[in-house]
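From first to last, the protein sequence lines are chains X and H.
Taking the UniProt record's numbering, the leading residue of the first sequence gets 1, the next gets one more, and so forth.
Taking the UniProt record's numbering, the leading residue of the second sequence gets 1, the next gets one more, and so forth.
Since the hints were made in silico from the structure, they are not lab data.
Hints should not be assumed to be uniformly reliable.
To be verified - One-sided and incomplete, this derived list gives chain X residues near chain H with beta-carbon spacing under 7 Å:
hint, residue
1, Val16
2, Thr67
3, Ala131
4, Leu138
5, Leu153
6, His159
7, Asp160
8, Leu186
9, Glu212
10, Arg269
11, Lys369
12, Arg371
13, Ala380
As the list claims (entries may be wrong) - Negatives, chain X to chain H, calculated, CB over 12 Å:
hint, residue
14, Arg4
15, Phe14
16, Glu15
17, Glu38
18, Trp44
19, Asp53
20, Ser58
21, Ala73
22, His122
23, Val142
24, Asp216
25, Leu246
26, Glu248
27, Arg304
28, Ala354
29, Asp357
For each residue, glycine too, the CB sits at the ideal point set by N, CA and C.
2 protein chains.
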Amino acid sequence: MNRRLRCYDCGETFEVDERKRCVCGEPLWFDVDTAGFEWPDEDWTAGMWRYVDVLPVSEPIGPTPGTTPLVRAEELEEYAGCRLSLKPEGQNPTGSFKDRGTAVGVSYAAATGYDWIGTVSHGNMALSTSAYAASAGLEAAVFVPADTPPERLELIARHDPRIFRVEGDYGQLYADTLALEHGSDLDVTFVNSDTPLRVAGQKTVGYEILEEFEPDVPDAIVLPVSSGGHASGIWKAVRELEDAGLLEETPRLYFVQAGPCDPIATAYREGRDEVTPIDPGETIAVSIANSDPPSGTRTLRAARETGGAVVSVPDEATREAMDRLATTAGLSVEPSSAVALAGVRQLSESSKLAPDDDVVTVLTGSGYKERYDVDVDSRARTIDLADLEDELAAAVDG
Amino acid sequence: MNRRLRCYDCGETFEVDERKRCVCGEPLWFDVDTAGFEWPDEDWTAGMWRYVDVLPVSEPIGPTPGTTPLVRAEELEEYAGCRLSLKPEGQNPTGSFKDRGTAVGVSYAAATGYDWIGTVSHGNMALSTSAYAASAGLEAAVFVPADTPPERLELIARHDPRIFRVEGDYGQLYADTLALEHGSDLDVTFVNSDTPLRVAGQKTVGYEILEEFEPDVPDAIVLPVSSGGHASGIWKAVRELEDAGLLEETPRLYFVQAGPCDPIATAYREGRDEVTPIDPGETIAVSIANSDPPSGTRTLRAARETGGAVVSVPDEATREAMDRLATTAGLSVEPSSAVALAGVRQLSESSKLAPDDDVVTVLTGSGYKERYDVDVDSRARTIDLADLEDELAAAVDG
Numbered sequence: 001m002n003r004r005l006r007c008y009d010c011g012e013t014f015e016v017d018e019r020k021r022c023v024c025g026e027p028l029w030f031d032v033d034t035a036g037f038e039w040p041d042e043d044w045t046a047g048m049w050r051y052v053d054v055l056p057v058s059e060p061i062g063p064t065p066g067t068t069p070l071v072r073a074e075e076l077e078e079y080a081g082c083r084l085s086l087k088p089e090g091q092n093p094t095g096s097f098k099d100r101g102t103a104v105g106v107s108y109a110a111a112t113g114y115d116w117i118g119t120v121s122h123g124n125m126a127l128s129t130s131a132y133a134a135s136a137g138l139e140a141a142v143f144v145p146a147d148t149p150p151e152r153l154e155l156i157a158r159h160d161p162r163i164f165r166v167e168g169d170y171g172q173l174y175a176d177t178l179a180l181e182h183g184s185d186l187d188v189t190f191v192n193s194d195t196p197l198r199v200a201g202q203k204t205v206g207y208e209i210l211e212e213f214e215p216d217v218p219d220a221i222v223l224p225v226s227s228g229g230h231a232s233g234i235w236k237a238v239r240e241l242e243d244a245g246l247l248e249e250t251p252r253l254y255f256v257q258a259g260p261c262d263p264i265a266t267a268y269r270e271g272r273d274e275v276t277p278i279d280p281g282e283t284i285a286v287s288i289a290n291s292d293p294p295s296g297t298r299t300l301r302a303a304r305e306t307g308g309a310v311v312s313v314p315d316e317a318t319r320e321a322m323d324r325l326a327t328t329a330g331l332s333v334e335p336s337s338a339v340a341l342a343g344v345r346q347l348s349e350s351s352k353l354a355p356d357d358d359v360v361t362v363l364t365g366s367g368y369k370e371r372y373d374v375d376v377d378s379r380a381r382t383i384d385l386a387d388l389e390d391e392l393a394a395a396v397d398g
Numbered sequence: 001m002n003r004r005l006r007c008y009d010c011g012e013t014f015e016v017d018e019r020k021r022c023v024c025g026e027p028l029w030f031d032v033d034t035a036g037f038e039w040p041d042e043d044w045t046a047g048m049w050r051y052v053d054v055l056p057v058s059e060p061i062g063p064t065p066g067t068t069p070l071v072r073a074e075e076l077e078e079y080a081g082c083r084l085s086l087k088p089e090g091q092n093p094t095g096s097f098k099d100r101g102t103a104v105g106v107s108y109a110a111a112t113g114y115d116w117i118g119t120v121s122h123g124n125m126a127l128s129t130s131a132y133a134a135s136a137g138l139e140a141a142v143f144v145p146a147d148t149p150p151e152r153l154e155l156i157a158r159h160d161p162r163i164f165r166v167e168g169d170y171g172q173l174y175a176d177t178l179a180l181e182h183g184s185d186l187d188v189t190f191v192n193s194d195t196p197l198r199v200a201g202q203k204t205v206g207y208e209i210l211e212e213f214e215p216d217v218p219d220a221i222v223l224p225v226s227s228g229g230h231a232s233g234i235w236k237a238v239r240e241l242e243d244a245g246l247l248e249e250t251p252r253l254y255f256v257q258a259g260p261c262d263p264i265a266t267a268y269r270e271g272r273d274e275v276t277p278i279d280p281g282e283t284i285a286v287s288i289a290n291s292d293p294p295s296g297t298r299t300l301r302a303a304r305e306t307g308g309a310v311v312s313v314p315d316e317a318t319r320e321a322m323d324r325l326a327t328t329a330g331l332s333v334e335p336s337s338a339v340a341l342a343g344v345r346q347l348s349e350s351s352k353l354a355p356d357d358d359v360v361t362v363l364t365g366s367g368y369k370e371r372y373d374v375d376v377d378s379r380a381r382t383i384d385l386a387d388l389e390d391e392l393a394a395a396v397d398g
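Isolated chain X (complex conformation) (with noise of 0.2 Å):
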């Protein structure tokens, strides 16, 4: 494929090295030219290189992403309110979403010639990029909030990239980066959240849920949203497949936020085309609680054109989300993909959503990576071995 970059908002394009964002101040993406494209015949072993045709990289590196499983959740469908699928992205190399544009990047950096690769993250992101970095052999620098717990700095320290805690100002510092890439000689390359090469990666998950569909398509998807990357990536997926003329309609996109720091929730109620940073609050939602998002506008943009929506939801629903899907479908995930199934709960019940509507929910990541405040006793008794069969009829019997 060629590797010239678009903005989706004015058109104008770019070479790709040349920046990550438009003149206009838009994020770009990938141009893709996906007429007569099909659905590829090799088997799914291949995870998201399956797509190698419609990405901006021919050799892959490090652990491979995708073929994450799509899981009819029949149990969950009286809470949900429609016909529920889930795609657990947790089970993605280091337990994210994240993995899927970490690998296109990590494999450009390397075959482009860049010594270093660079991100700022709350956590997924930054573990991500510094497992690939390692399994390519590139030296990888992950910028974090000063305040991230020291418990998720130990998981990405095992890959040995530099840690840098930063005080400041996360959006700032998320275009300080980019500025410095391409305002500087130094020899790194940033793949932040929403910038091209991720973008590009992130389509993949779009490309799976739409060919595990196909022949029909999913009346929605819906996802939680932080930045905005993730979005604009199964936004992508769609329009890439509507143009190879592989879909019979379009799905709608859904995009949920938490509560307490939903700048994009909050433009889409307000019917503003843009979207501004705003003050948050606390939410238990860290890995999504990004008060200035800089794919915002292209994510709202991404809802209306679909005809979906973008909606928020306070934490207490994402905790009784949280629990329903650890207790009634056996997976256990982060607040911030939660959040996605609390928002399905409330489309439904606002009637965005309906009964006989096909739905896809992405997980976006493994809950399994942090530690939560869960009661154990009341769930567990020491016993002694002679007395097995008494403890075990009364729980059984009891």
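Following the hints, complete the assembly by docking chain H onto the known chain X.
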């Protein structure tokens, strides 16, 4: 398929719910006729259910295990001393290989009408069984050693099982639970580490590896061994696929234990035909610290009949292998998985593996579920956003 059980050793057969171990004392497995079996046509998004025709259940329940990637790890080949492929089973739904056996066990229990499912585990299997029981609407009773760390119990408790911390001998606990199931009227079935349903599920990793290599066959498959259930599953896969006429050659099966707790390797070294319990030492590979392995003798047979071996490695080698995987291949695994790579290196050094041997190493579980002692501070610094360029330049140019 029929549902009779057979003893690998004396050949005696039994009905499926009659017993889990033979009257001769050895473990049973399903008697599967694979004459005429061919590699399935359906796509790999079915995960391990791709092989439903050779499994004792037909209605899959719960998150989908399987279709974990097979990753060529050229960057580790000098260290490993052979052509190395990795099978990261930590990408299963609850982060370990256990989900394959659990999925079969829980699907069977639900179809048969049991209300309770039980297991005896150091952690991974308790987590897996709790999650799958939740997805099937079954109650789970999980029995763990009394000194299991609370952090591990917290992950398990999310899925709302009854947890029993048992004071007493672990090998005896295993035997007592099976005796209880078959000697009482309690409405519970145990899917312990090497019971027939679990081995049936675990064999699918062998099917996947061998199908991905076909028409070639890897020279060797190397995995960690604890109870011997996983080892038995892989050996079962090899035997069934040989019976089906789908293997040109037989891969050698190598099993690796942690030096401080290596009853099977000890029996192998001493040329014995039977594994007997040992008095174990402490090891970092807690998930495989089984001093009285119920399928130990069957594992010994698997190694000998395929031309492989059973070895053990010191914890220091395990630590080094774990670090290599994280910093060179981008994969964080638990110590019990790293044992397998340490074993590969040792087998290469002793010329049991040759430089041009194609060797598949099964990495049984994700490392991200636990916290390790990693030096974060040597890799992390706290900086001010205003110093971003200077700090990055110092790192890149340093």
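Taking the hints in turn, this is what the structure says about them:
A least Cβ separation of about 21 Å between Val16/X and chain H goes past the 7 Å threshold, and the interface hint is therefore violated. A distance limit of 7 Å between C-beta atoms decides the matter here; for Thr67/X the minimum to chain H is near 5 Å, and the interface restraint holds. Checking Ala131/X against chain H by beta carbon gives a least distance of about 4 Å; that is within 7 Å, so the hint holds. Hint on Leu138/X is violated. Least Cβ distance to chain H is approximately 10 Å, over the 7 Å limit.
Interface restraint check for Leu153/X: the shortest CB-CB distance to chain H comes to about 5 Å, inside 7 Å, so the restraint holds. A hinted interface residue such as His159/X counts as satisfied when its beta carbon comes closer than 7 Å to some beta carbon of chain H; here the least separation is about 5 Å, so the hint holds. Satisfaction of the interface hint for Asp160/X is found here, the shortest Cβ-Cβ separation to chain H being roughly 5 Å, below the 7 Å cut-off. Here the hint on Leu186/X is kept, as its CB sits about 5 Å from the closest CB of chain H, short of 7 Å.
The interface hint given for Glu212/X holds, since its Cβ lies 6 Å from the closest Cβ of chain H, which is under the 7 Å cut-off. Nearest Cβ of chain H to the Cβ of Arg269/X: about 31 Å, over the 7 Å cut. The hint is violated. This hint holds: Lys369/X has a C-beta 5 Å from the nearest C-beta of chain H, less than the 7 Å allowed. This hint holds: Arg371/X has a C-beta 6 Å from the nearest C-beta of chain H, less than the 7 Å allowed.
Checking Ala380/X against chain H by beta carbon gives a least distance of about 4 Å; that is within 7 Å, so the hint holds. At roughly 28 Å from the closest C-beta of chain H, the C-beta of Arg4/X stays outside 12 Å, upholding its exclusion from the interface. For Phe14/X, the shortest C-beta to C-beta distance to chain H comes to about 23 Å, beyond the 12 Å cut-off, and the non-interface label holds. At roughly 23 Å, the least C-beta separation between Glu15/X and chain H is larger than 12 Å, which holds for a residue marked as non-interface.
Separation of Glu38/X from chain H is adequate, the least Cβ-Cβ distance of about 15 Å exceeding the 12 Å criterion. The beta carbon of Trp44/X sits about 4 Å from the closest Cβ of chain H, which is not more than 12 Å, so the claim that it is off the interface is violated. No Cβ of chain H comes within 12 Å of the Cβ of Asp53/X; the nearest lies about 18 Å off, and the non-interface call holds. At roughly 16 Å, the least C-beta separation between Ser58/X and chain H is larger than 12 Å, which holds for a residue marked as non-interface.
Distance check on Ala73/X: its Cβ comes as close as 8 Å (rounded) to a Cβ of chain H, failing to clear the 12 Å threshold; non-interface status is violated. A cut-off of 12 Å between C-beta atoms confirms that His122/X is not in contact with chain H; the least separation is 15 Å. For Val142/X, the requirement that its beta carbon stay farther than 12 Å from each beta carbon of chain H is not met, with the minimum near 9 Å. Against the 12 Å criterion, Asp216/X stays outside the reach of chain H, whose nearest CB is about 15 Å from its own CB.
With a minimum CB-CB distance of about 16 Å to chain H, Leu246/X clears the 12 Å threshold, and the non-interface call stands. Interface exclusion of Glu248/X from chain H stands, the closest Cβ pair being 20 Å apart, more than 12 Å. The non-interface label for Arg304/X is consistent with chain H: the shortest C-beta to C-beta separation is roughly 31 Å, beyond 12 Å. No beta-carbon of chain H is positioned within 12 Å of the beta-carbon of Ala354/X; the least distance is around 25 Å.
Here Asp357/X stays apart from chain H, with its beta-carbon at least about 22 Å from theirs, past the 12 Å limit.
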